[in-house]
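*Asks:* All chains, full assembly: derive it from the sequences and hints.
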Amino acid sequence: MDFFYIFFQVIKMLVIFLLMVTMVPLLVWVERRGSAFIQNRLGPNRVGPLGLLQLLADAVKFFFKEEFVPKNGYKTIFYLAPIVALIPGAIAFGAIPLGIPLDIGAFNAFGQTWGPYNLGFQSFELGIGVVFVLAVASLGGYSLLLAGWGSGNKYSMMGALRACAQMISYELALGLSLVGILLIYGTFSFNDIVNMQEGPLNFSIGQKDIVIGFLPNWGIFFQPLGAILFFVATFAETNRAPFDLPEAEAELVAGFHTEYGGLKMLLFFIGEYGHMMVASALMTTLFFGSYHIPFVTPDGLLSFLNSFMGAGFAKWIQFLIFHISFMLKVIFFLWVFVWVRWTVPRFRYDQLMDLGWKKMLPWALFNTVVTAVAMLLLA
Amino acid sequence: MSQMLWIGILTLIVITFGALMLGVASLLGPKVKSLVKSEPYECGIPVPDEDKSMSKTIPVQFYLTAILFILFDIEIIFMFPWALIYKDGIEAGQGPYLLISMGIFIALFVVGLVWEISSKALDWEK
Chain U
1 MDFFYIFFQV IKMLVIFLLM VTMVPLLVWV ERRGSAFIQN RLGPNRVGPL
51 GLLQLLADAV KFFFKEEFVP KNGYKTIFYL APIVALIPGA IAFGAIPLGI
101 PLDIGAFNAF GQTWGPYNLG FQSFELGIGV VFVLAVASLG GYSLLLAGWG
151 SGNKYSMMGA LRACAQMISY ELALGLSLVG ILLIYGTFSF NDIVNMQEGP
201 LNFSIGQKDI VIGFLPNWGI FFQPLGAILF FVATFAETNR APFDLPEAEA
251 ELVAGFHTEY GGLKMLLFFI GEYGHMMVAS ALMTTLFFGS YHIPFVTPDG
301 LLSFLNSFMG AGFAKWIQFL IFHISFMLKV IFFLWVFVWV RWTVPRFRYD
351 QLMDLGWKKM LPWALFNTVV TAVAMLLLA
Chain L
1 MSQMLWIGIL TLIVITFGAL MLGVASLLGP KVKSLVKSEP YECGIPVPDE
51 DKSMSKTIPV QFYLTAILFI LFDIEIIFMF PWALIYKDGI EAGQGPYLLI
101 SMGIFIALFV VGLVWEISSK ALDWEK
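Residue numbers (our numbering), protein chains in the order written: chain U, 1 to 379; chain L, 1 to 126.
To be clear, the hints were calculated from the coordinates, so they are not data collected in a lab.
Backbone N, C-alpha and C define an ideal beta-carbon position, used for all residues, glycine too.
It is possible that some hints are incorrect.
Taking beta-carbon pairs under 10 Å as the criterion, some of the chain U residues facing chain L (in silico) [what the hints assert, rightly or not]: (1) Phe62; (2) Phe132; (3) Tyr155; (4) Ile168; (5) Ser169; (6) Leu183; (7) Asn191; (8) Thr258; (9) Trp335; (10) Val336; (11) Trp339; (12) Val340; (13) Arg341; (14) Trp342; (15) Pro345; (16) Val373.
*Replies:* Following this line, the structure appears as structure tokens:
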């Protein structure tokens, strides 16, 4: 731990956090334009090219809105809830590697030699990454309950209760659907999981090693059922349609954020989209090879880039290409979130609870048992 | 330990960001107080003052869900360390032992789940 290590670490954390925050306007734009295309409308297209600056204009407007607390509300809790809503998404996103580690060679500054540094593209590298992200992401329930309680409105409280009950119900299926993939990887560390998904699909049955050249070595081919269960459970965790019962406009006005407006509402939005990004990033990291590109190895790409540019420059281009590969996969899953929201109708509350407890939980358990037995028999 | 430090610093950054945004917004926005504006959202029905957060009338089903969640979540957490060592355990020749010991645990889990479902603790009003 020296001065430049701390400096790079803080820069990295700020970049990753701002990356998350600046994705939100883009996502809202995708959501509004995407829903417009699905419903055969145009959507916001006036502010800036293709309406891209719409949310920037909205954000400026939010700053000039009046902040007030409803009569029956609790002031501290009411203001605390949107800030708490930011925390789980931001911290969970920081634990996921967003690209290939970057080597910074030794350099001279202040009359001294510093480095070399090997910086992973994540805010903190944890050995218990998967468990940490699950634990932190489930803190989201607190902000909902605080918002519902602090508003002093029965619709808010009803929405918050429903949201929280739904989140904790699907957390069981969410956690259990990951046990299968963790059995196969045998580690909680994201970096180890990412490294295991490099190259073509390979596994061993008995003493025989089998390599399937035309498929990448991604988790989805080992755990298709686990991936589907996980992705469905994340829809409920993020309170997105078709599981958006907490916000059921027809019955509950707007759920836990009925009394919220202006910038506080925007903070809730950042929290919700942050959750979606964490869910997509987890899906990418665990089941779709993280930043790895099929048929391309990091070393192969680096030596290819080295053949026509300087070594220092090639390293940065390689870093950028793998980051873009990761982000493209994440953006695909984010698009699925939007796509499903405008395609599938909302559940009734008892149907939602039945799906979580009586269908997804047993299926996730079944998946775990089958994986464990298959691993033992084929070993 | 040092990773915990970074998590703490990131939390502080996020809280500062949120508080800063709210602070700027409350400085810039207008401040016109009125009695009607601070009423809770409702379709024109006057809300009594003591009706704070409907705290006395939470349906009991939510408590049941919360209690069952804690029970099952703790059971699921026990499967994570098992998942961590299972692969190495098979290579060390302890596979059947690990599978059977977890099998007993999962059987208890299934019995609990079946009992909860058959006792209608998980049924919501249609």
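*Asks:* All hints, please: hold or fail.
*Replies:* Results of checking the hints against the structure:
no. : hint   : in the structure
1   : Phe62  : 7 Å, holds
2   : Phe132 : 9 Å, holds
3   : Tyr155 : 7 Å, holds
4   : Ile168 : 4 Å, holds
5   : Ser169 : 6 Å, holds
6   : Leu183 : 5 Å, holds
7   : Asn191 : 13 Å, violated
8   : Thr258 : 5 Å, holds
9   : Trp335 : 26 Å, violated
10  : Val336 : 26 Å, violated
11  : Trp339 : 28 Å, violated
12  : Val340 : 23 Å, violated
13  : Arg341 : 23 Å, violated
14  : Trp342 : 26 Å, violated
15  : Pro345 : 17 Å, violated
16  : Val373 : 7 Å, holds
Checked against the numbered hints listed earlier, the structure breaks hints 7, 9, 10, 11, 12, 13, 14 and 15; every other hint is satisfied.
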